Amino acid sequence: MKIPEIFEFIRVDERLPHILCPGCGIGSAMNAMVRAIIESGLKNDDVCVVSGIGCSSRIPGYIDADTFHTLHGRAIPSATGVKLAHPELEVIVIAGDGDLLAIGGNHFIHAARRNLDMTVILINNFNYGMTGGQASPTTPQGKYAKTAPYGWTERNFDACAIAQASGAVFVARSTTYHVTHLRTLIKQAIKKKGFALVEVISQCPTLYGRLNRMGDAVKMLEYFRDNTISISQIKDPKEAEGKIVIGVLHDVEAPEYYETYKEIIRRAQAQKHHV
Amino acid sequence: MKTIVKSLLAPRKYFMQGNIACAEGALAAGCRYYAGYPITPSSEIMEHMSIRLPEVGGVFMQMEDEIASICSMIGASWAGAKVMTATSGPGFSLMLEGIGYAVMTETPCVIVDVQRAGPATGQATKPAQGDVMQARWGAHGDHRIIALSPWSVQEMYDLTIKAFNFSEKYRVPTILLADEVVAHLKESFVVKPEIEIYNRDKTLTETPFGTQEEDGVPPMPCFGQGAQLLVTGSTHNEYGIRKVADPDVQERLVTRLCKKIDNHKKDICLTERYFTDNAEYLFVAYGISARSSYAVVSELRESQINAGLLRYITIWPFDEETLKECALEAKVIFVPEMNQGQLVLEIMRILPHQKVIPIPKTRGEAIYPSDIIKVFRKYHE
Ligand SMILES: Cc1ncc(C[n+]2csc(CCOP(=O)(O)OP(=O)(O)O)c2C)c(N)n1
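Chains as they are written, first to last, in the numbering used here: chain X, 413 to 687; chain G, 117 to 497.
The set of hints was computed from the structure by calculation and includes no laboratory data.
Just so we're clear, the structure is a prediction, and the values are computed from it rather than from any experiment.
Idealized CB from N, CA, C, for every residue including glycine.
Be a bit skeptical, because a hint or two may be false.
Stated by the list, open to error - As a list, the in silico DSBU-like pairs of lysine-lysine whose alpha-carbon atoms are at most 35 Å apart:
| id | chain 1 | residue 1 | chain 2 | residue 2 |
| --- | --- | --- | --- | --- |
| 1 | X | Lys-558 | X | Lys-603 |
| 2 | G | Lys-308 | X | Lys-605 |
| 3 | G | Lys-308 | X | Lys-599 |
Claimed, not checked - Just a sample of chain X residues kept apart from chain G, beta carbon distances all over 12 Å, derived:
| id | residue |
| --- | --- |
| 4 | Ile-475 |
| 5 | Asp-476 |
| 6 | Gly-485 |
| 7 | His-498 |
| 8 | Gln-546 |
| 9 | Gln-553 |
| 10 | Ala-560 |
| 11 | Arg-567 |
| 12 | Lys-605 |
| 13 | Asp-628 |
| 14 | His-662 |
| 15 | Glu-668 |
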C-alpha cells in the first residue's frame, strides 16, 4: 500500500505532533488499525472509533472519522449505545489494559457475552502508561511497576482467555513487532460479525520497560520477536510455555446481538400494543 | 426544532402508575433508546420500556450496571437517538461521572431518579427527596444540569416530555427528580391528542462545540452523518479538539456550559403559585411534598389564614426571582421536604433576612399535611 493513503484517515491538522513517547508501541497499533480499516474497504464516514482514557485511548483523536473519547473504562458501553442506535456504523474500540480489564472489566465480559458486533483492540503494555507506570491487571507477577516497587504480588489476567470464556466469537493476539500480522488480524476482526477482540502486546519503554530493565524500544521489540510462537505452530502445549502465543486463538459462529434484537422488534410489532 | 406531533397513546383518560406514565411520556417525546439496571422504586419504567420500545422500533438494553447504562445511552444519543435511563439513589450515585461527561460533551439525555430513603441502600421501597443537592452538585467540576420535580401521575407523563425537550434544546442532561410516592401512585391522567416536542438541531457544522455567543447552544450532528466528530470529555475547543492546557479554552467552555442554562432561566424555570399574592405564610415545596403543602394551604385558606404555596416544578436551575416576589409580604416561609433540609438551604441563601423554617421529614414516609400543620402551629399566633 502507498503511504499517503493512510493520511486519509489521519487528522494532520492541529492534532499532530502526537503525545506518544519515543519508541511507544501504540503508534504501530494505530498504523495497523488504520491500514486494516482501509483494506476493509471502509470510508471515513463508515467508522466510529471509541476509546476510554489512557495513552492508547488517545488514538481516536488522531483518526479522521467519527471518534468518541469517553470516560476511563467506559469505551465498551459507550460503543454499545453507538452501535445499537446506528447499526450500520463499523464500531471499533481501542483501549489500554487498565481501561479495558480493570475499571472496565465488567463491561468487557458482558459485551463479549452479548456478542454485539464490534471490534475491540486491546493495547497491552503491561502497565498504566498515562498515569505513570502503575501496575495493571496484566502486569505479570514479580514484575516491577510504580505501585509494585518490590515486584507485583498479584497474578495477571489473560484477556484473550477471558474474552473466549465470556462468549466472544473472535479472539486473536499479535504484537507491535508483527505489524503485518497484526493488520491481518484486525481486518479479520472487523469482518467478523459479533464481538471480536485483538490483543496487541505492546512496548512501553518509558515506564514498564525501564522499570523492568528491558532495554529500549528496539530491545523490547526484539524480545517480542524472539519470544512469540504462532498458535498454528504449537504441537505440544509445552512449546508455548513462557511464550507469547500469537494468531487467531478462537473463531466461532454465534448469533449477533442486534440481529437477534431485530427479531424481537419484528415480533413486538406484530402483536402490539401493550397499554 | 419545536414541532407538534400526535400523541403515541390514543388521546383519552388513563388510569396508570406514575412510573408507567413516565415511560409513556418518554416514548411520546420520541425516546428510542433506553438502557438501565433494575432498582426499586424505578424498575417499572424499565420493564415497561422493555415491552414498548421494540413496538416502536426502538432499542431497550438491560446493562450490567448503572455506569454502563448511562454511558451506553450517551453513545446512543451521539448516534442520533433520543435516550433515557431510570434509577434510584444508589444507581444515581453511580451515574454521576457519566452525567458530568454528558454535561461536558453537551449530550442530550434524560435521567429519571425515583428517590428513595438513603443513605446507602437505606429503605429501598420507601420515599424520600434526598437527592436534590446530589442532582445539582453531584458530578464533579463546575457545571449546570436541569432537574424537574413531578407531583402527580399527570406530571410523570408531562414532565418527562418536557425533560426530553429541555435536554434536546439545551444539549444538557436533564433529570426527572421523582420520588417513590408519585412513581408508585396510581391515578388518572389525560393524554392530549397532540404534544409539543423538540428535536435537536442536527445541522452539519464545523463547530459542534462552540458558538459565537457566550451562552449559545451549538447544533449537534451525530455519528454517521459525515461530520467526523471529535467527541471528548476533556477540555476542547469549538471544533472538539482537545485543548487541555489552554486556560482561555477552559474558561470559555465552562462559562458557556453554565450560561447556556443560567441565561435561559425564563424558558426553563417552571413554577406554580397558589394564593401567593400577599401571602403572610408562604410554603415553598416540590414533588409530593408540594401536594401535601397544597392540602395544608387550602385548609388554612378556608380558615381565613393568609397562606400561599409556591411550587417548584423546575428545581434546577433555581428560580430566584419568583421566590423573592412571592416572599415579599411573607412573615414566615415554610419549606417541607422529605430530607433533613436541602432546597431550604437555597431559599435561606436567597432570603437571608426572612424567617425561613425547614420542615424536614426523613422517616421513609411521605410528608403528610399533619406533619406540616404541626410545625405551622408553632409559628402562627
Ligand atoms: C475514573 C478514573 N479513574 C482514574 C483515572 C486516571 N487514569 C487515567 S488513564 C489511567 C490508566 C491508563 O492505563 P491503561 O488503560 O493501561 O492505558 P495506557 O495509558 O497504558 O495506554 C488512569 C488510571 C481516570 N481518568 N478516571
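### Task
Just double-check X:Lys-605 for me: nearest Cβ-Cβ distance to chain G has to come out over 12 Å.
At about 18 Å from chain G, X:Lys-605 clears the 12 Å cut-off, so the statement holds.
### Message
Please verify that the nearest CB of chain G lies beyond 12 Å from X:Asp-476's CB.
### Response
Answer for X:Asp-476: violated, closest chain G Cβ roughly 6 Å.
### Task
May I ask you to check that X:His-498 keeps its beta-carbon over 12 Å from the closest beta-carbon of chain G?
violated, 4 Å
### Query
Taking C-beta pairs only, is X:Ala-560 more than 12 Å away from all of chain G?
Non-interface label on X:Ala-560 holds, nearest chain G Cβ at 27 Å vs cutoff 12 Å.
### Message
So X:His-662 supposedly isn't at the interface. Is its beta-carbon more than 12 Å from every beta-carbon in chain G?
### Response
Answer for X:His-662: holds, closest chain G Cβ roughly 22 Å.
### Message
Tell me if the straight-line CA distance from X:Lys-558 to X:Lys-603 falls inside 35 Å.
### Response
violated, 39 Å
### Task
Check the non-interface label on X:Gly-485: least C-beta distance to chain G beyond 12 Å or not.
violated, 8 Å
### Query
Minimum Cβ separation between X:Gln-546 and chain G greater than 12 Å?
holds, 20 Å
### Task
Quickly compare the C-alpha distance for G:Lys-308 and X:Lys-599 to 35 Å and report which way the hint goes.
This hinted pair is violated, its Cα atoms lying about 52 Å apart.
### Beyond 12 Å from every chain G Cβ - status for X:Ile-475
violated, 9 Å
### Task
Classify the label on X:Asp-628 as holds or violated, using whether its beta-carbon is more than 12 Å from each beta-carbon of chain G.
holds, 28 Å
#### Entry: Straight-line alpha-carbon gap G:Lys-308 to X:Lys-605, limit 35 Å
violated, 44 Å
Taken one by one, the earlier hints fail for this structure at numbers 1, 2, 3, 4, 5, 6 and 7, listed in ascending order.
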